[in-house]
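Novice: Here are the chains, one letter per residue:
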Amino acid sequence: MAEHPVLSETGGRLSGKDIAANFDDLHPPLNAEQVSVQASRCLFCHDAPCVTACPTSIDIPKFIRQIATGNEIGAARTILTANIMGGTCARACPTEILCEHKCVLNVGEHEPVAIGALQRHAVDYLMAKSSAHPFARATDTGKTIAVIGAGPAGLACAHALAKNGHKVEVFEAKEKPGGLNEYGLAAYKMADDFAAHEVDFILGIGGIKLHYNKALGRDISLEDMRGRFDAVFMGIGLGAPRQLGISGEDLNGVDDALKFIGHIRQTGELATLDPSENIVVIGGGNTAIDAAVQAKRLGAQKVTLVYRRGPAQMGSTKWEQDLAAINGVTFVHWAKPIRIIGNGRAHTMHFEYTRLIDGKLEGTNEYFTLLADRIYKAVGQALVDDGLAALKRERGKVIVSAHGQTSLPGVFAGGDCIASGEDLTVQAVEDGKIAAASIHTFLMGENHG
Amino acid sequence: MADLGCSIAGIDSINPFWLASAPPTDKQYNVERAFAAGWGGVVWKTLGTDPPVINVTSRYGVHKDTARGILGLNNIELISDRPLGVNLREIEAVRKTWPDRVIIGSMMAPVEEELWKDLAVKIANTGVHGIELNLGCPHGMCERGMGSAIGQVPQMVQDTTRWVREVVDIPVFTKLTPNTTDILLPAEAALAGGADAVALINTVNSIIGVDLDQMAPNPVLDGKGTHGGYCGSAVKPIALHMVAEIARNTATSDLDISAIGGITNWRDAAEFIALGANALQVCTAAMLYGFRIIEDMSDGLSDFMDEKSYKSIEDFRGLAIKNTVNWNDLNMNYDLKAKIDKDKCIECGRCHIVCEDTSHQAITMTANEKGGRDFTVVDGECVGCNLCLHVCPVPECITMVPQDNNLPYLTWPEHPKNREAAS
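Protein chains in written order, with my numbering: chain U, 1 to 449; chain A, 1 to 423.
Here chain A stands alone, though its shape is the one from the complex (with noise of 0.2 Å):
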């Protein structure tokens, strides 16, 4: 059995997977009930000063599949409702019932080193083992200049995170906003403000949909809708990348990182350990199911580990970084083929149409004697592009062949034709 213990900003936790700040984690009885499932570890839903907000009804949107899936979800709840002593209280009793799992204690504030002082070293004496910096809610917060319009302004990440830094001894992780051009710019203030690690992405700014009757943007509140944050599985990639480029560059691949966006399952998580995560949240996949994805989750990845004979997260952690490159470093030789299986092929004709309408016409469709058809790839047309791979429906019916050509590898920069352009 490997072990899935992993260690984050000097904060070691039975396994990788924490509940990001967000409605599953505000209150007392959710994180003993997750806790009770095997997370471990908690974000504890985001602070702010007293009064508490007030949340409008009708919170969240959804993007579907045709059929049931629920592929991203948007949300304009805002930070925890209620009186931040009631959820002091409550974290520091949840340490005390819980003291092998992770607390870390989200805030945000106004743009006043006082008030993210006092709020730091409020949450810091609750007995949380880090506290979080929620720079990147893009909806209502962020009207009142917080949230996302401070992450999307390095000085004043750099700002609140050296505040915090200069009043607690815990660990401090800043979570940035992907609503930026460049996630290595408010990460390198980050770094640069004291920040033990980043947690990323927060969520991405979207309207999840106009409801055609309202003519309003969902979720519909009596009659108007707004913006808010896309989160779920469609976010992942874009998590993925940017957690990758913060990992690969150099100014900033010392910084720990929490991985937030999309994590649904062991392989998701596999994926960005592999990409460098020290540790993991998750959100929208325990509110689309609940607590006990988190089975599945350790298990799958354990069993990952074991088949690949990794021992512990730190054994595999970080070695798709390597391999994760500019397009300029590619190789401009490597040749790859589409290949069908015949015995496979359910005949559905969707990889042909495809190339012939969209790509490079590269897979011929033909009668064949059993009255159905035969569909093969013309190796001459075919730049070996995947589109015929991924339209396929049946598993490993279409392959990608690497064809042997002797060539050695060639990025675009040595490229001859480059070159020569460049003459």
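Pulled out of the complex, with its shape left as it was, chain U reads as follows (with noise of 0.2 Å):
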């Protein structure tokens, strides 16, 4: 079981080939039999609840019956048709709060299609036999679409942009694409640079033109690319990591866990933490589980995961939590950070217990410390302003119409900048598709929707 970490059998450090194997894909794919039973089982719903599920409605059941047929390339069509992205999707897609908590043999079997991994099976045959992009782009319009940042949203945008056969100009504040897929996602969810071959693959539509390290407010202005293009989509995401605002957080070995994150998915070393030191991680979500785990899997001995409330107010699902405890991580449920001491570097914190009264969570004036040597910020990321001013903003997200209009004319927002939906990648998907599709009609009229 992937799901399980390898230990060190010897004391001390993991080998470099431990810890390799702490790193590769937590759900290896469907092997043939797997993919023809899990096939199988499929009961081809009729306006299937799974469908309703995924935010980017995917025809599931049809898709899952293309592969039982052994038509494995439709089966990918059917997918990417409804969501670029199918291949980061089908591997870091909460399923067991989307399409497989939906999947009726819960009732009945009490376990569902293996949605997931079906998914991941359709799109990796495509992309592993086909050469050739599954999509043709529709004849050029001549106009000219300004996309600005390469997470979910924007290449998704960019994509469907492209295949309407708009050109699309991208542009990244980073040096690489793919946004959290390629920075935010534990590296045994993406295994074998995924994300860049699916950007790659993206791509292959044709008629999209990348542009790296091009932050907006920095390097770009929203003014210029309005002058300079038919339309704008802004899917910046959220850039500035949340903090938590007690004092010693500038210490030494306090950092935000997507920053953890980031640096294992793009240094690939691996075996550079010490084993006897205490981790901490703060907060909730699946970001939070992502980085208390690959701590773990990197061989910390202690790993404490400190969350202000309960385990049903976390926003990772109850099966991350699972796979955390799995791994060795511990949970300290009800417990907010008071401060953080240490002599130049973090070496304990101190935490008050808390609990909800009427609704409102309070401290109890219960305190307790832990070690920590390393702590790492999992509270929430916020928009960066930069660059926005001209934009109407509302709790720290870009306002927007059902259709991914801003309140400036010709500019379009999606993906976590926007208040949409959960903060996932395939709601990122679903909102650059509904503002490709937004932006099409703008430029085009009604009758090319």
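No wet-lab data here; the hints were simulated from the structure. Every residue gets a Cβ at the ideal spot worked out from N, C-alpha and C, and that includes glycine. Each statement offered as a hint is correct.
In silico contact screen, one side only, chain A against chain U (beta carbon under 8 Å); selected entries:
no.	residue
1	66
2	346
3	348
Using 20 Å as the maximum straight-line C-alpha spacing, the simulated DMTMM-like pairs for lysine to aspartate or glutamate come out as follows:
no.	chain 1	residue 1	chain 2	residue 2
4	A	344	U	47
5	U	62	A	356
6	U	129	A	213
7	A	344	U	109
8	U	62	A	65
9	A	117	A	169
10	A	342	U	109
11	A	342	U	47
12	A	64	U	33
13	A	344	U	111
14	A	370	U	47
15	U	62	A	357
Assemble the dimeric complex from its two separately framed chains, guided by the hints.
Specialist: Following this line, the structure appears as structure tokens:
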């Protein structure tokens, strides 16, 4: 079971080989028998609840039937028509709260069809077997659209626009495309550099040009983009990790969990953690889980995840929490950080227990400390305001219509920077898709929808 | 414990489960393994005149569901490819080692009286309990004028049966081919020829599939394929019908029946017995799973009989014959309506969509307050066809409820609309 970590058999640090195994696919691809068995379990529901549960409305019964009949390429086309990042979503989607949660087999068999794994099978099959991009571009429209941010929303939007015959230029603040797929997901969810392969695949449609190291407000401006392009899509995400606002937060050893995750993904330096270090992760979302589990899988003996509320309020799914438990992460619920103590470097972290009184979280005046050599903060991300002055915002998100239209004509937005749904890759893809359709209508008129 | 012993054509068997004449019964080694596993008898793989036939490689093809279930199998293997003398010696040896088990010798020969008679006598001399005439092979042997080439011509069925009948004093089983328009014709011919029993069905002529890369029928042999004999659970419905026709037809109802065709488990066995079979022959199921399937077959049949208080096979043999009627004898006034148990429903919508797309638009789908869907039968539109019941994946979720309409049993010939049309 890849969900179980490889532990040291001799004490001391994990070997490089052990760690490599810990960072291989969490869920290896299904083999031929598993594909056959799982695909055959699908009942081919009418108006299937799994489809309704998917933010991108992938026709799941159809693609599973296509797999069952040996039409994997067709299955992949079905998936990718609805969700061009079907490959990442198959790996990283919390299917346990989306499609698989709604699978009707949960009722009688207490085990849903392995929809995510089947989706991965089909998309991987297509990406491995077919060098040709599965979609053709429509005739060139002569329009060019700027997409700001090469994350899931931006790339999904760019792909859909390119498919409709538009030219697209994507401006990315970082050195690589992919957004959180590339920088923000646990390595074992995106083994073998999948995020980069997927971007190459998406760009295979043609008509999309990428610019790197172009941050909004620093290197490019919205005004300039509006002037140069026929429309603008903003998929800028939430670039600013939230801080705890406690003393000692500036000590060495205190970092954003996303930075830790990104470091693992980008450097491949996996064997650098001292197992004797005490790791504390603050937060309750999937990012907190990704950081805590990866720390364990690097060989850390003590990883404690502290969350200010209970398991039910955690942003991470029950499945993610169980994964952390299987990997040996210790949970402390109902506790909030007070301060971090250390001499230049973090050493101890102080907490106060909490409880809910009339829906309000309060400290209980009971305190405890944890030894904390490294502290990873995963308490959410906020919108970076740079360059957004002209846009209406609310509660830290860009305001858009149901069609992804912002307060500025010709400027659309999607992904984590808008308040559309859960902050998930699959939701970002859907936002990008919706905005692309709106942009197409905006540029070409209703009859070209 | 029910008694599973049975009797067919005067032959007593410890249970009704025999292995059919086929690859599993080609040699002493296999047959003894079968007897050790608990099979009541075997029909030895068909013997022909020397020199023996030569078989080809790649002999089987299968028809699968989308998982790994094999629905049907087809084969292009010919009769025993071992010298006649070897087979006869082995039969004789096994008869001695396993005196309480039945061995039937299966045979075929070109349509020449002397050949049939000589071979029948040689086989009878080994001490077999009976002889089965293979008049059914629909592949290979028929191209040489044997197998189904004989079975499809009633006069030849009668002649070959009579030839064998004239030279042996043991029971004669005539094995029939289903590759014919009316099974009663060869059955009546067998009876006229003096058969003690008929064995049916032999395999159904088939092309199991086409290899779309090689563009040739499966199994592909060096780029070519041919039609073969289809067997396995997929042919069971065809066999049930043909067995029932012989059992319920006055002219043939006295024939004992050794039923063959997709018998895979105790339930299949019970169904054939209910339609009049005296004993059963199994092949494909053993070829797919090995001989130990006999354990559940015997055990399951015994438990079924205990549950129904049948002490012997004869207690329930043929009980379904009287209820197997022509369409014209069905009750036109019988009225069923589907009923969906909402507590059991998992909301897959299969019943709705098949009724909506392909039937009578009698199951509605509406959103419920729990965010799910309710599926409801519209009694006024439901014709009681059963389609929803069959596609529903949940056991006993959909039931067909008889409507109490107080109308008498009314057949189509008696129906006013029919009389109106006739007058």
